[in-house]
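Residue numbers (our numbering), protein chains in the order written: chain A, 1 to 347; chain B, 1001 to 1315; chain C, 2001 to 2564.
The set of hints was computed from the structure by calculation and includes no laboratory data. Some clues are possibly wrong.
Said to hold, decoys possible - Far from chain C, some chain B residues (derived; all Cβ distances over 10 Å): (1) Val1037; (2) Ala1051; (3) Leu1085; (4) Cys1115; (5) Trp1177; (6) Ile1208; (7) Glu1273.
Stated by the list, open to error - Computed cross-link-like contacts, DSSO-like style, restricted to lysine-lysine with a CA-CA straight-line distance of at most 27 Å: (8) Lys1079/B <-> Lys2264/C; (9) Lys2326/C <-> Lys1093/B; (10) Lys2123/C <-> Lys68/A; (11) Lys2120/C <-> Lys85/A; (12) Lys1089/B <-> Lys2264/C; (13) Lys2299/C <-> Lys2214/C; (14) Lys1158/B <-> Lys2297/C; (15) Lys2299/C <-> Lys1072/B; (16) Lys1093/B <-> Lys2260/C; (17) Lys2432/C <-> Lys68/A; (18) Lys2430/C <-> Lys1093/B; (19) Lys2264/C <-> Lys1158/B; (20) Lys2214/C <-> Lys1089/B; (21) Lys1079/B <-> Lys2214/C; (22) Lys2120/C <-> Lys2180/C; (23) Lys2264/C <-> Lys2299/C; (24) Lys2299/C <-> Lys1158/B; (25) Lys2432/C <-> Lys2326/C.
Said to hold, decoys possible - These stretches of chain A come out as covered by chain B in the derived footprint (C-beta under 8 Å, 3 or more residues): (26) 94 to 101; (27) 124 to 136; (28) 173 to 182.
Even glycine gets a Cβ: it sits at the ideal position worked out from N, Cα and C.
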Amino acid sequence: MATEPLTEQAGLQGPAAWEQEAEREHVHGLGPWRLGLRRLRRNRVAIGFGVLFVLLVLSCLAAPLWAKHVAHTTPTENHLSDTIKLDGKTTNVVGLDGVPIGPTYQGEFFLGADPNGRDIMVRLLYGGRNSLMIGVVAALMTTILSVVLGVIAGYFRGWPDLTIRSLLDIMWSFPVLILGVALGVALALGGLQLGPITIGGDSLLIPIFIIGLVYVPYMARPVRGQVLALREKEFVEAARAQGAGPLRIMFSEVVPNLASTILVFFTLLIANAVLLESALSFLGAGVRPPNPSWGTMIDEGVDRIATAPHLTIVPGLMLVLTVLSLNVFGDGVRDALDPRAKVRLEH
Amino acid sequence: MGRFIVRRVIQMVLVMFAVSVLTFLIFNVIPNSDPAVRMSGRQASESTIEAIREEWGFNDSLPQQYITTMEKVITGDLKSQFTQLSVGKEIVKGLPRTFSLAIGAALLWMFVAICFGLYSAVKAGKFADRFLTIIALIGISMPVFWIGALANYYLGFKLGWFPNGGYVEFTEDPIDWFYHLILPWTVLAILFIGFYSRVLRSNVLDTINEDYVRTARAKGLGERQIMIRHVLRNSMIPIVTLWGLDFGAVLGGGAILTETVFDLQGVGQYTAEAIGQLDVPPVLAVTMFSAFFIVLLNAVVDILYAYLDPRIRLQ
Amino acid sequence: MGKLGRRALALLLAALSMSVIAACGGDDDSGDSSGTGGGGGEAKNGGSITISQTSQPDFMDPALTYTVNGIEPLWLVYTPLLTYPRTGDAEKDSLVVPGLAEDLPTISKDGKTYELTLRKGLKYSDGSPVKASDFEHAVKRVLNLESGGSAFYLGIEGAQDYIDADKCDADIKGIEADDKTGTITINLSEPDGSFSNVLAMWFVGLVPGDTPCKNLTESPPPGVGPYKVTESVPNRQFVLEKNTNFPDLGPDIPAGHVDKITTKIVKSAQRQAQDVISGELDYMQDPPPADIKPEVKAKYSDRYKEITTASTYYMFMNNRVAPFDKKEVRDAVNIGLDKPALARLFAGEVAPGCSFLPPGQPGFDEALDVDDCPWGNPNEPPDIEKARQMIKDAGVAGADVTVYGNNDDPTDKVTEAYADQLTKLGFKAKPKILDGGVYFQTIGSAKEAPQTGFANWFQDFPHPKNFFFLVDGKSIQPTNNQNFGNVDDPEITKGIAELNQEPEMTDEVAAKWGDLNKKLVERAWIAPYGHRKLATFFSERMDFDNCARFHPVYFNDYSSFCLK
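Please take these sequences and the hints and turn them into a complete structure.
Written out as structure tokens, the structure is:
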């Protein structure tokens, strides 16, 4: 059950659930990829949502095309005093009382405007790039950190294991959202100094760093558990007998066997990272303006929910669709790669 | 048993210590800016910043700074840099509200999740199961603050079925208290229902395959009796643990978003406001206390388990 | 004003702008700050009302509070020696009158000595007698607590020594009070034309001489005023009740109408507006949010109004940094700034204008503000083509410009819109949104050297000195600079220094301030775009026509509130 609802209480779901995950994960042995693929192909719902996700990503990537050729504007261009023709009538993009226009369902202002008179559709696509970028990069960061830590802990055992495990336990004691906002508040002003690299407080790298960090315990622990089991397997013993060093064994024997776990986790981590980004941005501890993201768009939108509900509904729906597609797809992948899933379904 | 408790308590204290050190590091060491400037909140002048530097000992060595910080946290001397109000007092003031939200939501999500999970397991692979699975996945894919804001506006304000946010003390009017909390409870529970029902479903499916269930079935016990007495009871154990911890986490400030959307003014909203103002002391206190609380609950759960299941003590 | 002075004033800027920005208004503005006093009927006395604020006042202590949330209720609880009338006539209400003092101060020829006499027989709300020495104690609390207002009182002789002594009961050399005769003598180290206004600030509202020098938010001390604070639970609510010991201070300083005002802290402004509509609340301190305002204006205009406040929103342009070191460029920005567009971002709660001095300040010229604005009528779209050409001619087209702003609502939106407008004028402009908490410090740092960005000011008191220090060459400093654009026009700087010495605000002096304002605007040192409006919104059971007095200095006047 890796579908951690890591929104608000998220991490709180805590230890027990992920411990279960760990147990479950190390039960299945070598990944019979082909079998898995065949099973996945039969799960039409999962495939459908996987395709949906790809479409969402592609449309966000195509943001400049839409902006230039359909909406004829940019994500930052204001149209405060402009008017457009709607059903032959001239309409203000932003009313005198500051109320922006709703969806027009035509090229310009397809999904309406925001209080600055900016095209919501264009902002949505550009904001999606940021949200997805944060999600993917943060998930990548979590995955790399978790695999490195998990493999080291699980393979060497002893004091490296003890150190890493204690560290993860401590991080685990913090609710994900609380840890996220704590880091967000702490880093908001001066940013971060990592050796020679300085990251400004308003940089997109800050939320990536925060989100990438807070999920590490949730993945590193199951990975460690699996490595613990793998290192006792015959093929690892065999490699060791052949005189392979620990690094070689880790890279050529252990990590490839973690591939299915990593894949499943990676998918679900993106979903959770996107959700967490929106929550942090909503609280003002995530993406900082003027960068758009779905989270900041919802945050700006809820203040105008009565006069311009599209400002809240549209980015929220995009977010739900993205997260849902990743969750369903990730779920399907897990079912496909986990042999026991079949057993479960036949009951 | 006594020895186990002692060991577990020592471990708990150690983890708490580590938690406090990590919190300290997050706020005072990791960021790339003057901690005094960050601590000084919105209305910072040079003299305020200097006073804060003095007060928190930011010119001292790190261990000394840590001690100063912890003294403030433990003695309740922590004050919001913005209002000069005691952080401890404000947290205590918000607790009944946060508790009301947490307890109702926790009971609700547990109850609904059992129904969904069990039904899903019984109908595993059938349409009902798939349908509930998708519903559960939708539930965990929605940002709480988004669904909360929409529910509050459309159901609360526009249709007027529910109050448009706010809180009424239980002692003042229990019915109004309940009425004001229905929407927040539901919104907070949605996410957990999705998650718990899926955990329960797979637990039930695992249990059904266990030998003792087969034995019971072989003995000719009724399906209903098997489900309730053997399957459900055994599937519930991990969920109850999870429930305890989640409840603790929501109580420890985990419901920041729900409280903010519904204007409940509990600990979570207090935190959210502090975040908005970059008011460091309240955020520091809530971060540390929520982690303490979770560590404590973890220990309590472990000890309870050991009490119920002697095998654990030996591990 | 001393060095600390500008700094402390910055606090007000941060504080006021924060609470006021959350505020909103509408379009049917009354143009100037004329409040509504009487609507023909009689105001009814008695009854209790429940009102709301979005955030807890910073402090519920007169010596400390520096936000509208605190000032609006507390100036009615703590009357200083001098005060402002509450009659509903905006012009009259901007002029200082005797409060607890018998008369206006006698000012010595050199403008340094102020003499006042306390009225006889005054009592605090708890019944204890008011003494002349209580005034000195009130000043001590302001200084000792390092209040945001302490800067205003540093001109008193020995004030700095008192602060350095760091003892609550130390003596302030420049204040002598005789409890028997009730005379109070204040010596200043330098003449200060605005000192009567400073004496009328809520900071020095009188409190008993034994009031401790600490933050009393949770148990506010007694005072002399129409109301007294009977309950204060931070972040939940505070209660004002009619002060039965309030003395008769004349018809211009009346007692209140309702018996009890319960102020609830309701964080959601949307909910407050909905509750005022439904009658659960009687008044909201923040105006209805932009989101609810269209509905309020459409359906409840009979209990809603907007009034322009004495405030100015402007863009600073740092004339020490390219490209704004060229006058033609600053001219072009003033011409090209789309003021009506910016007003839309405030949901119409900004009255477009191009005067730096706002309405309500002596020397304000309405013609300069709107009709005779040298940069074109601020209510009409700007001549972008002309401005564009000027920037091209100046040879700075395509220059990189970083536009500073903060994340308060709607400042972030204004900053983004301004950056977009500069882009349309030919620059390569990028917004830089800082956190509201560090914004004014950051742009006030010479090291940061911001090019241009958002700035605003709400008056502390109706005296141009309170505005002109923002553009005074003498106030430029390397850190915590309030003169963000480093405006240093020799003529204006000299004029400010001279006019600051004038002890009295005669018509002649006001006209001279007006001239300075005109020069400042014409020379394009800054780019003002309007004055903020505030709103009054009542529930149905409140008597809107007779009881919604708006005070030019302290906004909505609770003592005027009454039920139908």
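Q: Test the statement that Leu1085/B is away from the interface with chain C: the closest C-beta pair must be farther apart than 10 Å.
A: violated, 5 Å
Q: Decide, holds or violated, for the assertion that all CB atoms of chain C are farther than 10 Å from the CB of Val1037/B.
A: violated, 7 Å
Q. Holds or violated: Lys2214/C with Lys1089/B, Cα cutoff 27 Å?
A. Holds: Lys2214/C and Lys1089/B sit about 18 Å apart, inside 27 Å.
Q. Taking only the CA atoms, is the gap from Lys1079/B to Lys2264/C under or equal to 27 Å?
A. holds, 22 Å
Q) Is the nearest Cβ of chain C still more than 10 Å from the Cβ of Ala1051/B? A) violated, 8 Å
**Q.** Minimum Cβ-Cβ distance from Glu1273/B to chain C exceeds 10 Å
**A.** About 7 Å separates Glu1273/B from the closest Cβ of chain C, which leaves it inside 10 Å; violated.
Q: Would you check chain B against the segment 94 to 101 of chain A, counting CB to CB pairs closer than 8 Å, and say if three or more residues qualify?
A: With 0 residues closer than 8 Å to chain B, the segment 94 to 101 of chain A misses the three-residue bar; violated.
Q) Given the proposed pairing of Lys2432/C with Lys68/A, does the C-alpha separation stay at or below 27 Å? A) holds, 25 Å
Q | Restraint status (C-alpha distance of Lys2299/C to Lys1072/B at most 27 Å) | A | violated, 52 Å
**Q.** Agreement of Lys1158/B and Lys2297/C with the hint, judged by alpha carbon distance not exceeding 27 Å
**A.** Holds - the C-alpha atoms of Lys2297/C and Lys1158/B are around 18 Å apart, at most 27 Å.
Q) Keeping to a limit of 27 Å between CA atoms, is the pair of Lys2432/C and Lys2326/C held or broken? A) Holds. Lys2432/C to Lys2326/C sits at ~23 Å (cutoff 27 Å).
Q. Is the nearest CB of chain C more than 10 Å from the CB of Ile1208/B?
A. holds, 48 Å
Violated hints, in rising order: 1, 2, 3, 7, 9, 10, 11, 13, 15, 18, 26, 27; the structure is consistent with all others.
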